[in-house]
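**Q** Sequence:
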Amino acid sequence: MDIIPAIDIRGGKCVRLVQGDFARETVFGDDPVAMAKRWVDAGALRIHVVDLDGAREGRPVNDGIVRDIVRTSGADVQVAGGVRDAAAIDRWAEAGAARIVIGTLAVEQPDVVEAAVRRHGDRIAVAIDVMDGKPAVKGWIERAD
15 MDIIPAIDIR GGKCVRLVQG DFARETVFGD DPVAMAKRWV DAGALRIHVV DLDGAREGRP
75 VNDGIVRDIV RTSGADVQVA GGVRDAAAID RWAEAGAARI VIGTLAVEQP DVVEAAVRRH
135 GDRIAVAIDV MDGKPAVKGW IERAD
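Everything in the sequence shown is counted per the working numbering, starting at 15 for the first residue and increasing by one.
Please note that the accuracy of each hint is not assured.
Label-pair restraints from in silico Cβ distances [what the hints assert, rightly or not]: (1) M15 with D159: 15 to 21 Å; (2) D125 with G43: 36 to 42 Å; (3) G110 with G57: 19 to 25 Å.
Calculated from the structure, these hints are not laboratory results.
Glycine is no exception: its CB is placed at the ideal position from the N, C-alpha and C atoms.
Construct the entire structure; sequences and hints are all you get.
**A** Given below as structure tokens:
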């Protein structure tokens, strides 16, 4: 069994939201890069990193921090949040992300995801959050049909 710790980043800090509610967050640390290194020191081989600001804005926002985690942590890093177009997918692949996790884009433009899988293979993962029986998209802000 693989245990994959998650680091959610908002405003440059490590946070946890309650069911995607940006008004209900707990801050766990001020340095996501150091947090990633602590997870690796504890034995993590893979880390799941979510750019929550990116999920909300629809584009990578904390990408400098996430790139630092990818580059320095020593873990395979899977990146999520704000991956809404082919260019973002390709940038994360070029940055060395072990896996690029796609949500909203898979619901709204599955053809783009299909093309990404052809380019990047199993480095692409799809994760669909569901709320009230419908896909939660755009950082849990909207529900898709």
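**Q** Check each numbered hint from earlier against the structure, then list the numbers of those it violates in ascending order.
**A** Number 1 - this is the single hint that the structure violates.
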